[in-house]
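Engineer: So you can see what is in the structure, the chains are spelled out below.
There are 2 protein chains.
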Amino acid sequence: MNDLAPLPWHLTAPSFQEIEEAAGRIRGVLVETPLLESERLNARLGGRLLVKAEGLQRTGSFKARGAWNRLALLSAEERARGVVAFSSGNHAQAVAWAGRRLGIGTVVIAMPADAPAAKIDRTRGWGAEVVLYDRATEDREALGRRLAAERGLILVPPYDDRRVIAGAATLGLEVVGQAEAMGARPDALLVCCAGGGLTAGCALAWEALLPAARVFAVEPEGFDDTARSLAAGTRLGNAPGATSLCDAVLAPMPGALTFAINAPRLGGGLVVSDGEALAAMRVAFEDLGLVVEPGGAVALAAALSGCLPIEGRTVAVALTGANVDPAMYRRALSSGS
Amino acid sequence: MNDLAPLPWHLTAPSFQEIEEAAGRIRGVLVETPLLESERLNARLGGRLLVKAEGLQRTGSFKARGAWNRLALLSAEERARGVVAFSSGNHAQAVAWAGRRLGIGTVVIAMPADAPAAKIDRTRGWGAEVVLYDRATEDREALGRRLAAERGLILVPPYDDRRVIAGAATLGLEVVGQAEAMGARPDALLVCCAGGGLTAGCALAWEALLPAARVFAVEPEGFDDTARSLAAGTRLGNAPGATSLCDAVLAPMPGALTFAINAPRLGGGLVVSDGEALAAMRVAFEDLGLVVEPGGAVALAAALSGCLPIEGRTVAVALTGANVDPAMYRRALSSGS
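In order, the protein sequence lines correspond to chains A and B.
Be aware that the first sequence starts at 0, since it is given in numbering that gives the first Met the number 0, and climbs by one per residue.
Be aware that the second sequence starts at 0, since it is given in numbering that gives the first Met the number 0, and climbs by one per residue.
The hints are simulated quantities; they were obtained by calculation from the structure and are not laboratory data.
Hints are not guaranteed to be accurate.
Computed from the model, here is a short list of chain A residues facing chain B with C-beta under 10 Å [claimed, not checked]:
id	residue
1	N41
2	G54
3	D113
4	A117
5	R281
6	A283
7	D286
8	G288
Quick caveat, the model's predicted, so the values are computed rather than measured.
Virtual Cβ for every residue (Gly too), placed ideally from N, Cα, C.
Using the sequences and the accompanying hints, generate a full structural model.
Structural biologist: Structure representation (C-alpha cells):
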C-alpha cells in the first residue's frame, strides 16, 4: 500500500510557471550566459551548433541556478537553521556561494575526498564547512540525511527537488529565447546528465516552448545509467568500481523525480568516452575561447562524435561547467584534435 | 608648407555618430560579448572588476569589429577589386572572415612568418591568400602598400583609419551599456594597445558617454611606445630587437591618427611583463572560465599587478583575444598564480 501514498510535494515536477518564476528570481543575481556559435564548427558539422556557455555562470557551473532558486525560497526560520548538501563539487560551490550571498550562517557540504582540489578549496572559500567522504564506500545521500538530522539543517538535494529542477530549467528557457534572437530554431538540445536535474528541467522547459524539438541526456562511459534506464523503462544503477575523468557527472543512478520527468520526455541517452570529452574540451579552447571541464564537455563531445546527425540541423549543446584543475586541462590540450 | 595640408578624411577621428552607426552595422553579425565579473576576483582586489570577454567575438578577437565596419563600407566597385591587410594575426583573421562573409573574392594578408601557426592557418581557413614576411627586416606597411598598388587592392589598415577605429569603438560603447545594466559606473577602462586603434575608439566612446572616467592603454614590456609617447607628447618608436610573448600587441610605434586621438584623452599608459600577462591568463582560466591569449591578457594583468589602484573603485578591462596555441597556453597554466 506504500506505493499508493502521494509523493511529497518537493518530489513532484515543477510547473512551467515555477520555471518562469525561477527565471525572475535569478535575474540580476546570476549571469544570462551567452549562446555562442562558431562558423568553423558549423562548417565542420554541416549544421548549426548553438553553444550555451554556462561555464561563465556564477561559481563556474549551471548548479548556481538550482542552488539559488532553492535557497532563495527558504523561509527566514529555515535560513537561520542552515543548509547541508552533498556534491562532487559544482553543487557544493553553488550552495556555498548562494548561502553566503543570502547570509545563511551555517552551510555544510559533504564532498568526495577525490573531488578536484580546486572545487574543495573554492567551496571552503565561500565559507562552507566541508565534510569529506569516500566515494567508493560511503552513501552520500545517507551522509547528507544524517548531517541534516543531527544538526537540524535543511538538506538541499543536487537534483531530486522541484525547486532545484525549476532553477536548472532556466538554462533551457534562456537557450530558447537566445536562439530565437539569433534567428535559429533548434531541433535538439544536448545536456550532460548525472542525476538528471538539468536534463529534467530543460525537458520541461522545451516541452512547453519547443515541443517539436528533442532533448537528449549525455553521459560518460561507465556512468550511462540514464541511457540504460531510459532504454529499460526503469531506473538502473551503474556498476560499482567504474571510473571517469568527468567528475561532475558521476551519479550512482537516475533520481526518482528526475527519471519520472525524463522518461516520457527525452529523445534518448547518448554516451561518450573520456577521450571524446577531452577532445571536446580542446575544441572549446580552439573554436570558442571557452574553458570547459570534462563533465561539462560531454554534450559537445556527443555533438562532435557524430552519434547524433547534425548535418542540416540546428542543435544546441550546454557547456555546463568550467571548474577544472590546470593539470587536467593541460592533458586535454595535449590530446589530438 | 606640407604640414598645413589637410589630412585625408580617413586619417581624422570618427564622430560619435559614426561609432553609433558602426554599432548598428555590427548588430546581428558580430557578438555582443558579455561583460562578466568574478566575486572572487572582486574580493581579492577590494573593488569591482568588469571583464569584457571579447575573446568570444567572431574570429576570437576585437579585430572583427573594425574589419567588419571597414569592409561593410566598401563600395561595390571596391569589393570587386578586393582587399589587402597586414597583421600579426588577429586583424588578419578578422579581415579574411569579413571578406568571405561579404563575398569579397580577393583577400590578401601579409603576416609575419613568426606569427602563431594557428593564426596563419585560420586566416587561410577563411579563404585568404597569406603572404609571409620577416618581422625583423621588412616594413609591413610598405609591403601592404606595395601589394595594394601592384594588384589594385584596397588597403585595410589595422588601426589608422577612422572606420576601423569606429568599429573598435563599439567595444567601448557596449561596455558602458552593459555596466549600466549591472548597476555599475566604471571609473576606468583598461585596454591593450599596439597601434592604438581600440584604445582610441574606446577613448572617443567614453569621452562622450562617461567623461569622468579614464581610459588607459596597456602594453607589454619592450613595446611601451604608447606609454613613452604619451609621456613625451610625441610619437616614439620601440627599440629594435625587443621580443615579447604578447604577439598580438607588438606595433612599431603609435599610429598617427590613433596617437592624435589618444594623446589628449588617455589617463596614461601602463606596462606589464610577459610573466604578468601569463599569470593573468591563468586567472582568466581559474576565475572566469575564459581562454585568453598573452596580448589579450595585458589589461587584466595591469589590473592584477596593482599599478592602478582598484580598491574601492569600479574598473573595466577588455580581454581582447583568445587565439593562443595550446603549447603557449599550457605554459601559462604552469606559471605560478
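Engineer: Let me make sure I understand: some of the numbered hints might not hold for this structure. Which ones are they, in numerical order?
Structural biologist: Violated hints: 1, 3; rest satisfied.
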